[in-house]
Amino acid sequence: MTTEIDLGAGVGHRGVSADLQHEVEQFFYHEAELLDDGRFREWLDLVAEEIEYTVGTKPTVDPFSPDAVPPSLAFEDNKESLTWRVKRSETGMAWAEEPPSRTRYLITNVRITPDAAGLFVRSNFMFYRNRLETTAHFLVGSREDNLQRGPDGRLLIARRAVTLDQNVILSNNLSMFF
Amino acid sequence: MTIGYSGVEKIDDLIDADQGLVSRHVFSDPAIYEMELQRIFARCWQFLGHESQIPRAGDFVSAYLGEDPVVVVRQDDGSITGFLNVCRHRGMRICKLDAGNAAGFSCSYHGWAYDRRGKIVDVPFGEMYANAPLDEGWAAVPVAQVASYKGLIFGTFDPEAPSLVDYLGDMAYYLDVLVDRREGGTELVGGANKWIIDSNWKYGAENFVQDGHHAFSSHVSALMAVQPDDAEMMDFPEGFTVRPGGGHGLVAFNGPALELTTRDELLLKYHQEVVRPESARRLGAERDAIHNVGAFTIFPNFSFLTGFQTIRVWVPRGPHHMEVRSWTIVDRDAPQEVKDAQLRLVRTTFSPSGLLEQDDGENWSMCQDTLRGYVSRQLSSNVRMGLGSPLDADAKGPGRVMQGWNEEPGRGFFERYRQMMSEPTSRVWLDK
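Top line first, the protein sequences correspond to chains A and B. Residue numbering for the first sequence follows the numbering used here, starting at 2 and increasing by one per position. Residue numbering for the second sequence follows the numbering used here, starting at 44 and increasing by one per position.
Keep in mind that the hints were calculated from the coordinates and are not lab data. Warning: the hint list may mix true and false statements.
[Said to hold, decoys possible] The list that follows gives simulated cross-link-like pairs (lysine to any residue, SDA-like), each with its CA atoms no further than 20 Å apart: (1) A/K59 x A/N168; (2) A/K80 x B/R306; (3) B/K139 x A/T61; (4) A/K80 x A/T92; (5) B/K139 x A/N168; (6) B/K382 x A/N110; (7) B/K162 x B/A182; (8) B/K382 x A/N79; (9) B/K382 x A/E53; (10) B/K139 x A/S66; (11) A/K59 x B/S105; (12) B/K382 x B/G194; (13) B/K139 x A/P71; (14) B/K382 x A/S66; (15) B/K139 x A/K80; (16) B/K139 x A/F65; (17) B/K139 x B/Y107; (18) B/K439 x B/A215; (19) A/K59 x B/S469; (20) B/K382 x A/F65; (21) B/K382 x B/E321; (22) A/K59 x B/R368; (23) A/K59 x B/V232; (24) B/K139 x B/G169; (25) B/K139 x A/L171; (26) B/K162 x B/P185; (27) A/K59 x B/E321; (28) B/K312 x B/E302.
Make the full structure from the sequences, and use the hints.
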């Protein structure tokens, strides 16, 4: 089935089939499940070798001079450093997540724009972490992904830029993936 | 009169620095926290920013002295001033932004307007103050002293505090390893990482003042992750500490340490082949080991790591919380790709997501959590490692240098803390 929804000029959803929308959403749900279940090695398989992965926050600046403060990034990773993070989690001594937290990723507002390199996909997320007894953190933000197809046709994350809707991060750490 | 919940009459009864015994009340008691705001944070020099953040006239950054919000502004003549970010009318903030450039600041409540120096320049319905003039005394409250040390801007609300250089004392000799290692000086790159840790600010300060040895328990997973799978079991380098006085302190590794947490050849090559030789020429070879990785605290709450090149403030946020504000500091003369690599290293290791930083937040917040218990609060924190061990008689630098992992600088930190908290008058500045 192909459904084309005309949202008007400049809106990037035109030409995205319901099948493609479904595939991308299912990809994200699968990814979220892997992260919720702590299957980080399998999650790494969804990440392209040349990935650029960033997570940042939003400083409070004058909207007319948004460059007054350089971007605040808490992650600036490539595949190697993401692999370090996963390897660390397997040592049994990564105390921030030892024993592991309870986590839940909700992925929503998935908007797809096909481009020359693959798919440019924007989505929103809510992330809840509940830890030990009463420790709880709630993070909300947006994701910009560039998805590409691997040799076997599977989707891979080639770039991910996450923006947390916080200035001062309200969490003891960011020991999770986004 | 007793202090807070502790039941003691004097702060002296809570801290025996010579014996390395610190009552856990000082990490949790609301009355003690209030005393800290007055006797430490309204008096001591604290980090406000870096000159590279505000190069042009009118550039400003928001910062904190204790819990007091301040604005730090580059003036038209190039000087730097700071003032309380509080309108003198009803106390609204006059600047809501983290940073920017402004001709002045105005309050959104009633429109009182201040210039870059903090002077009132306009008040709506000003004619109604004809008999109650808004003279100089109604300017935004100035930070009494603002001074820079090689690019780092500090301020204090105490006009009687000693000069910044005197306050740093012998610590300046060691601070130079961070800020004077290369000809061009330093600058900040990237933005600030800011996050809340559910623990008292002193957990951060006392960790960075002395604690190299926690790495082998707290951070071993990071070292295992970064090393190749087939790496031999790592030999952890030995360390040493310096207690230079004034409550300041540092710990450093005697052998390679940065190499355990990054495999960035470009950065490591720069560190070994450019930074260390130039630093040795500028500062002499005696301080070279500190480049391996050193952790420092300048009393009370400014800390940094050499090697990694991250600087941070532990902003007090009530007895049970702190806000960490951290930046990456690089050599101005470094090639852009080295600056980028340094920033990436800090983001990977010592940002809130950092392979090493993550675990400190977990450990410190759980130390704080146990303070909810009455019995737990009656205990002393054990700051006794290396107590009575000999000092390094061969050390070339100033201060008390002790080889091996130890908590001697922590005893210095808490001794200075005790002095500041015991003395309500400016006489405290006569003590060293």
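*asked:* A/K59 and B/V232 were given as a pair; does the straight-line alpha-carbon distance stay at or below 20 Å?
replied: holds (16 Å)
*B/K139 paired with B/Y107 [C-alpha distance capped at 20 Å]*: Given that 20 Å is the threshold and the Cα spacing comes to 13 Å, the pair holds.
_Pair hint B/K139 and B/G169, alpha-carbon separation not exceeding 20 Å_ = violated (24 Å)
*Does B/K382 pair with A/N110 here, judged by a C-alpha cut-off of 20 Å?*
violated (36 Å)
*Does B/K382 pair with A/N79 here, judged by a C-alpha cut-off of 20 Å?*
The given pair, whose Cα atoms are some 17 Å apart, holds under the 20 Å limit.
*Does the structure keep B/K382 and B/E321 at a Cα separation of 20 Å or less?*
Given pair B/K382, B/E321 holds - Cα atoms ~17 Å apart, limit 20 Å.
*Would you check the hint for A/K59 and B/E321, treating anything up to 20 Å between C-alpha atoms as holding?*
violated (37 Å)
_Restraint status (C-alpha distance of B/K139 to A/N168 at most 20 Å)_ = holds (13 Å)
*Holds or violated: are the alpha carbons of B/K139 and A/P71 at most 20 Å from each other?*
Holds. B/K139 to A/P71 sits at ~17 Å (cutoff 20 Å).
*Regarding the pair A/K80 and B/R306, is the alpha-carbon distance no greater than 20 Å?*
It holds: about 13 Å lies between the C-alpha atoms, which stays within 20 Å.
_Can you confirm whether the C-alpha distance between B/K382 and A/F65 stays at or below 20 Å?_
Given that 20 Å is the threshold and the Cα spacing comes to 28 Å, the pair is violated.
*When you check the alpha-carbon spacing of B/K139 and A/L171, does it fall within 20 Å?*
Distance ~19 Å between B/K139 and A/L171 Cα, so the pair holds.
Violation of the numbered hints given earlier is confined to hints 6, 14, 15, 19, 20, 24, 27; the remaining hints are satisfied by the structure.
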